[in-house]
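Let the hints inform the model, and build the full structure from the sequences given.
So you can see what is in the structure, the chains are spelled out below.
Protein chains: 6
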Amino acid sequence: MATLGLIEYKDASPQVRAVYDDIMATRKTDWVNNFWKALAHDPVSLKRTWEDVKQIMGPGALDPLTKELIYVAVSATTQCNYCIAAHTVSAQNKGMTDAMFKELMAVVSMANETNRLAAGYQVEIDEQFKK
Amino acid sequence: MATLGLIEYKDASPQVRAVYDDIMATRKTDWVNNFWKALAHDPVSLKRTWEDVKQIMGPGALDPLTKELIYVAVSATTQCNYCIAAHTVSAQNKGMTDAMFKELMAVVSMANETNRLAAGYQVEIDEQFKK
Amino acid sequence: MATLGLIEYKDASPQVRAVYDDIMATRKTDWVNNFWKALAHDPVSLKRTWEDVKQIMGPGALDPLTKELIYVAVSATTQCNYCIAAHTVSAQNKGMTDAMFKELMAVVSMANETNRLAAGYQVEIDEQFKK
Amino acid sequence: MATLGLIEYKDASPQVRAVYDDIMATRKTDWVNNFWKALAHDPVSLKRTWEDVKQIMGPGALDPLTKELIYVAVSATTQCNYCIAAHTVSAQNKGMTDAMFKELMAVVSMANETNRLAAGYQVEIDEQFKK
Amino acid sequence: MATLGLIEYKDASPQVRAVYDDIMATRKTDWVNNFWKALAHDPVSLKRTWEDVKQIMGPGALDPLTKELIYVAVSATTQCNYCIAAHTVSAQNKGMTDAMFKELMAVVSMANETNRLAAGYQVEIDEQFKK
Amino acid sequence: MATLGLIEYKDASPQVRAVYDDIMATRKTDWVNNFWKALAHDPVSLKRTWEDVKQIMGPGALDPLTKELIYVAVSATTQCNYCIAAHTVSAQNKGMTDAMFKELMAVVSMANETNRLAAGYQVEIDEQFKK
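Protein chains in written order, with my numbering: chain B, 1 to 131; chain C, 1001 to 1131; chain F, 2001 to 2131; chain H, 3001 to 3131; chain U, 4001 to 4131; chain G, 5001 to 5131.
Do not rely on the hints blindly, as some may be mistaken.
[As the list claims (entries may be wrong)] 30 Å max Cα-Cα, derived DSS-like pairs, lysine-lysine:
| # | chain 1 | residue 1 | chain 2 | residue 2 |
| --- | --- | --- | --- | --- |
| 1 | C | Lys1054 | B | Lys130 |
| 2 | F | Lys2047 | H | Lys3130 |
| 3 | C | Lys1028 | C | Lys1094 |
| 4 | U | Lys4010 | F | Lys2130 |
| 5 | B | Lys47 | G | Lys5094 |
| 6 | U | Lys4010 | U | Lys4047 |
| 7 | B | Lys28 | B | Lys10 |
| 8 | C | Lys1130 | C | Lys1094 |
| 9 | U | Lys4047 | F | Lys2054 |
| 10 | G | Lys5047 | G | Lys5010 |
| 11 | H | Lys3054 | H | Lys3028 |
| 12 | B | Lys28 | B | Lys94 |
| 13 | U | Lys4028 | U | Lys4010 |
| 14 | H | Lys3054 | F | Lys2054 |
| 15 | U | Lys4047 | G | Lys5094 |
| 16 | U | Lys4054 | F | Lys2054 |
| 17 | B | Lys54 | B | Lys10 |
| 18 | G | Lys5094 | U | Lys4130 |
| 19 | F | Lys2130 | H | Lys3028 |
| 20 | B | Lys130 | G | Lys5010 |
These aren't lab readings, by the way, just hints derived from the structure by calculation.
Owing to the predicted nature of the structure, the values given are computational and were not obtained by experimental measurement.
Shown next, in the form of structure tokens:
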């Protein structure tokens, strides 16, 4: 179903395998998901995207789990079914409990609600909120 | 500019003031922002929305700061200017440092990027991601 | 601020004036708003868009006011500030009372909330909802 | 497929059954759809969301059918497949004829079109539209 | 699965067949896709939509392939699965190579990323960008 | 107004100036826009984002102008006002004529329209469109 198909590890070029190996090593898994296997048709984009994700999603001022929760929040907001499925599991692997998940969804849905109230009521930005 | 205007505390009915008071008490502030003052024209919605926010945004499996980060993430994704302005300050008040903010934005933007790659490449959901 | 500027009636070609006249006659107004004046730089698109709007927004199985409420609902959902401003006034001109407006916004925001809950919880479509 | 699964009536706690009973009584049906069965894993959110929907979607300045049309309009705009399926049937149950449905879709799609024209042409808001 | 079903050529009225014939003649194909067959339940909208598409998508200052690439870009951004599937094939029929497709997706995803950075950082529009 | 403010060249660290210099050299300009000056508070993201843009937006199977048109298409779809302003000028600098701009906007708005028709009518993907 993927537009250009999926490239399995056994069929991948050394260039692509290098990225696959790094993904599995970094994520401590023994498989690569369909997103990377679809993007692998564009090895330059595959590498660039993976390098970006690796740089952004690691521990920092925010911990990896928090970052994964944010990823799920965005995916639910944009209605990306693949992303919701993949990042929900990712978040669970990083420590998201069902209790956290439920609170996450409550916040995400509430935010999408008040976003449209603010827009629909044409609320002007308070001076206190301007830099 | 707000569609129905803003209702200031001094002009508010007891019903609306009751909500304003609760907002200020809960948030430990001495003022109410334009979002609530615009919504106050619909006192039933004002109360319902505030009660929902109060229930959802308090401490739980996720702490209030994490919830506020998620709120900013959604607001940036939907491009709600009022919400970005208001919730950025909210998050700062709850402890978001500039370092956290920058990482938050990196994750939000990255997620919006890979969301469209997944969609555009028509990536099928891996079996491992299905329940 | 408009990308190509605005074409005022006095500066408009006969082709554009014909559309302006039809807009004013149909809407029973004596002025044309900025949306049409901006689009007028593309007279073919101006005419096509106006003809579409005229065909779609008139009375039918749904009355013009209901159609205008739907237009506001979409505009708030997409966060189009121009559209929210313009269509709110349009709806008021067609009979939208403040009470209607408030209920409209309550529904729009609620729908945006449950939309993300359905997505985030990955809810499968019930058989009863399939054709 | 639902992230936490679905809670059937027979397996539900008294707290959840109370909400299920109210949904069925209010909607005059003998079954509960997957959205509620998925959300039931978070009984607090289930109750809050249902109470909100019940308060918002009943008759008022706008009738229930009009409110349901608005719900479909938002769902089509955000591309929420579950919501489109569910609320289309909901609207039909409340009296939406095929003729109404077709006009609804014509308005929703037209609004999404002109929303992007207004944005892309960077149209400034007319003074007549500002409060 | 389509809300009102699909109208096949053999079951179509003369009014609808006229549009089907024009679609096939213009696109040099011997079949009509599900989008048109679903919309055919509203012959007026079918005709209007097809006439709009025909007027907009033909050669002009932009060639048909470029226009189709833009269509895919929008569809990926809004996450419209049907549209991505249909317009990807359309673009391929008009000359989009795999290399072009990959670059298209890289741009679309990058744009969705920087869009949210601009929003989240609340970047003010430079004077040099104002008309 | 930018959340963390803007970093002007004269106040920039050598690390940031290096990126500013590369932007100006690559784009053949003598100034840096607000987007980069806002993002400069996160020098790592500044560099990563610029490197990504430079890699993606250069000539390839698609020429730079086509890529810029796609960028405008996405920005109009997401309603990012900053991005529309900036990339419209960018596209004009790369050769977008007014005629091209008008056709671009016609396609973008049409695509956003049919996207919602496909979703609202719940159109199933044709077999001919599946890989």
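Right, here's what the structure says about each hint:
1. C/Lys1054 / B/Lys130: holds (24 Å)
2. F/Lys2047 / H/Lys3130: holds (26 Å)
3. C/Lys1028 / C/Lys1094: Between C/Lys1028 and C/Lys1094 the Cα gap is close to 12 Å, so the pair holds against 30 Å.
4. U/Lys4010 / F/Lys2130: holds (25 Å)
5. B/Lys47 / G/Lys5094: Cα-Cα ~28 Å, so holds.
6. U/Lys4010 / U/Lys4047: With a Cα-Cα distance of about 18 Å, the restraint between U/Lys4010 and U/Lys4047 holds, given a limit of 30 Å.
7. B/Lys28 / B/Lys10: The hint holds at about 19 Å.
8. C/Lys1130 / C/Lys1094: Between C/Lys1130 and C/Lys1094 the Cα gap is close to 36 Å, so the pair fails against 30 Å, i.e. violated.
9. U/Lys4047 / F/Lys2054: holds (15 Å)
10. G/Lys5047 / G/Lys5010: Since the Cα atoms of G/Lys5047 and G/Lys5010 sit roughly 18 Å apart, the hinted pair holds (cutoff 30 Å).
11. H/Lys3054 / H/Lys3028: holds (13 Å)
12. B/Lys28 / B/Lys94: Within the cut-off at roughly 12 Å; holds.
13. U/Lys4028 / U/Lys4010: Given that 30 Å is the threshold and the Cα spacing comes to 19 Å, the pair holds.
14. H/Lys3054 / F/Lys2054: violated (35 Å)
15. U/Lys4047 / G/Lys5094: violated (37 Å)
16. U/Lys4054 / F/Lys2054: This hinted pair holds, its Cα atoms lying about 20 Å apart.
17. B/Lys54 / B/Lys10: Satisfied, since the Cα-Cα distance of roughly 23 Å is no more than 30 Å.
18. G/Lys5094 / U/Lys4130: holds (18 Å)
19. F/Lys2130 / H/Lys3028: holds (20 Å)
20. B/Lys130 / G/Lys5010: holds (25 Å)
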